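Input sequences plus hints: build the corresponding full structure.
Each chain, written out:
There are 2 protein chains.
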Amino acid sequence: MDGELISVGTEILLGNITNTNAVFLSEMCARLGISLYYHTVVGDNEGRLKETLKQACGRSKVVIVTGGLGPTEDDLTKETAASVLGYKLVEDAHTKKRIESFFKSYVKNNKNKKITENNWKQALVPKGAKVLDNHNGTAPGLIMEHSGGIVILLPGPPGEMKPMFQESVYPYLHKMQPEIIYSQMVKICGIGESQVEDDIKDLIKKQKNPTIAPYAKIGEVHLRVTARAKDEKEARKMCKPIVRELKARFGKNIYAAEEEKTLEDAVVELLASQNLTLAAAESCTGGMLAARIVNVPGASKVLKEGFVTYSDRAKRKRLLVKKATLAKEGAVSSKTAKEMAKGGCFTSGADVCISITGIAGPDGGSKEKPVGTVFMGCCYKGDVYVKEFHFTGNREKIREYTTVNALIFLRDTILQNFKKK
Amino acid sequence: MDGELISVGTEILLGNITNTNAVFLSEMCARLGISLYYHTVVGDNEGRLKETLKQACGRSKVVIVTGGLGPTEDDLTKETAASVLGYKLVEDAHTKKRIESFFKSYVKNNKNKKITENNWKQALVPKGAKVLDNHNGTAPGLIMEHSGGIVILLPGPPGEMKPMFQESVYPYLHKMQPEIIYSQMVKICGIGESQVEDDIKDLIKKQKNPTIAPYAKIGEVHLRVTARAKDEKEARKMCKPIVRELKARFGKNIYAAEEEKTLEDAVVELLASQNLTLAAAESCTGGMLAARIVNVPGASKVLKEGFVTYSDRAKRKRLLVKKATLAKEGAVSSKTAKEMAKGGCFTSGADVCISITGIAGPDGGSKEKPVGTVFMGCCYKGDVYVKEFHFTGNREKIREYTTVNALIFLRDTILQNFKKK
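Heads up: the protein sequence lines correspond to chains A and B, in order.
Once you know that position 67 of the first sequence is 66 in numbering that gives the first Met the number 0, the rest is easy, because the numbers rise by one and skip nothing.
Once you know that position 377 of the second sequence is 376 in numbering that gives the first Met the number 0, the rest is easy, because the numbers rise by one and skip nothing.
Intra- or inter-copy, both count: the list cannot distinguish identical chains.
Pairs of lysine-lysine, DSBU-like flavour, derived with a Cα cap of 35 Å:
#, residue 1, residue 2
1, K316, K334
2, K161, K386
3, K205, K120
4, K49, K207
5, K251, K216
6, K396, K300
7, K205, K216
8, K204, K103
9, K300, K316
10, K366, K327
11, K396, K174
12, K334, K366
13, K53, K207
14, K204, K87
15, K161, K174
16, K49, K204
17, K300, K366
18, K236, K260
By construction, these hints were calculated from the structure, which means they are not laboratory data.
All of these numbers come straight from a predicted model, not from anything done at the bench.
Below, the structure written as structure tokens:
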């Protein structure tokens, strides 16, 4: 089944907002087995929207439109789609009631807000269209069938669109597919994207069903294995040997097989399962590593504390780094990283401490230690491991790569010591 | 002048990557006074790309295409555009030389990489096109004129596209405009988007030239004032009264009038100008505030250290929060925030310490203190100010809003004490 996306909104054309809806919907369509051939962004302009909709309906079976369902005069997606497809707008009693009750609780929480007359425009729906409830706003979603396929209208705000898609549109499109689509995620860390692609070249080459799609994230590669079959059981069965093969090839570099699990989730889970507590001692990342650990709800169980020791003085005072080490080796050195990790464990009482010291730039680099040089230490119950990295990019990129690699180093160290036992 | 964007790449249609190029180019075009009416994303498919290009050239004066200029067989943007516009491809000696020298240094740094034959494809250019040097990669940019306007081809990787646009395309398009476009930024913090829009409704309503465009960021609103005139001096003069009016209306809530300056830049600058040193004591944000401060190159001048005291024990040990306070008032309380800020100053020796303690969720909320409740303390040379916030959204959003508001609270406290002197 083929499809395309239309995003309506002058604010996107002005670069005012990033079109994250398109990313979400693209990934969802890929998962549903819908091949998207076009995305179009068009402003809140009736003529151009009409032209775009006509073209899309003429060439694609599924057309998903986001935005332009609001209450203002500018919002004309529903009106335009109804006119293009020959639908009449009528008031939907159920939607009117839903909007009423939404406003009741809204006004209660926002005393100085008033509901204006034009809001009732949102209770009008194309007669015969499938109406999708919006639990996070007023504009309903709409599915309109026509001779060539279907048009799905969804509200623009991601906080309204995403839950509506998952609740109503995903199951609807899933049912439309002649086959069941099932996919399984394999999340890999510690190997570069090109290396992963090289390692599975043979699998990719001969793939048909299931398929393997690689998604590169910073410091990670996610592989989605997708099978089509007549039922889920069959599709699962088809994915199994591929997932088994990926596990055999990437081994401990696979940190998760779940869609929602992040690298920090996996690390916190690993620490908790081993009854280990953690401290983080950061210089150039300035708290980014601790912040990622705290991303995980319930991180308090494992994180004893974090130190942002950007200055030499703080490194000495908080982490007991020796004056001589800083003077002789410098703040960015293997020895300083080692002492930071050891001192972090000692002073916090944590079982494990990961330390980071590096040069994120743009200044501070030298010939021996250019911008991007980072040393990390990981102290595990008294033993300290040290690693040296050389990252490229601007200050932001270097710090992001450093943070991900610290999580990976931490995970590796725990896994290694786990094996030793 | 009107225009449109075409992004070429199957990876965008699959939701594999976010189309950040479109955001950048949209904002640039807005700044140049080019009205974009469409963005289209199309895959690496000759037929569909041809159709899309033809349509775009037929309806828009400026067509900017990104992606599909790489060395592989999939990359066919240049070939397709040349065929649509009737250009012949010829080898460009200058580009070939540039690619050679690029590879020389590349191979030196990446010993196990080889240059394959297909890379020389990138030295072919449409005969008569303007060739734009790529200082960060191999594919050159190209400007092709045709009877209805121009087509600009740019490489897909943002690290290559953006510098090329700024260096070569921006000045080119700027010259094409019959008028000079000049814009001035006004960055506001501490006031909500709808409040700002309300406050300038009258200015927006009567605007023609200059225009005011609001851009909402998390916790901030940026207003871009843009004037068109026959020369820059005239345009600057036209912006002046509007900027003056905005300054009068938003006063100290304006933290910057420079395009590139971030809120953390402004805060670090303010601290440095007052010779103040800073400490950060964070609980629910877990290092996000310190990390934003360290975003600023040279933050070491002001940041003494950061404490991530997620546990009660760390709050007591590092920040000297009283056991009785934690027991009676709880870790998320006005009194704990106050003691954290005071203790942070004392133990670090910093002039100013900002503290954060809150409930980011999803668990941990209660009737009295629901998820989103955050207390912050700011200790300024012994005086402690405390603020209570109630944020909504998921864990991530609550922590982001908390971090921005901590920066704003910090800034406000310094400005207030500055006035007192």
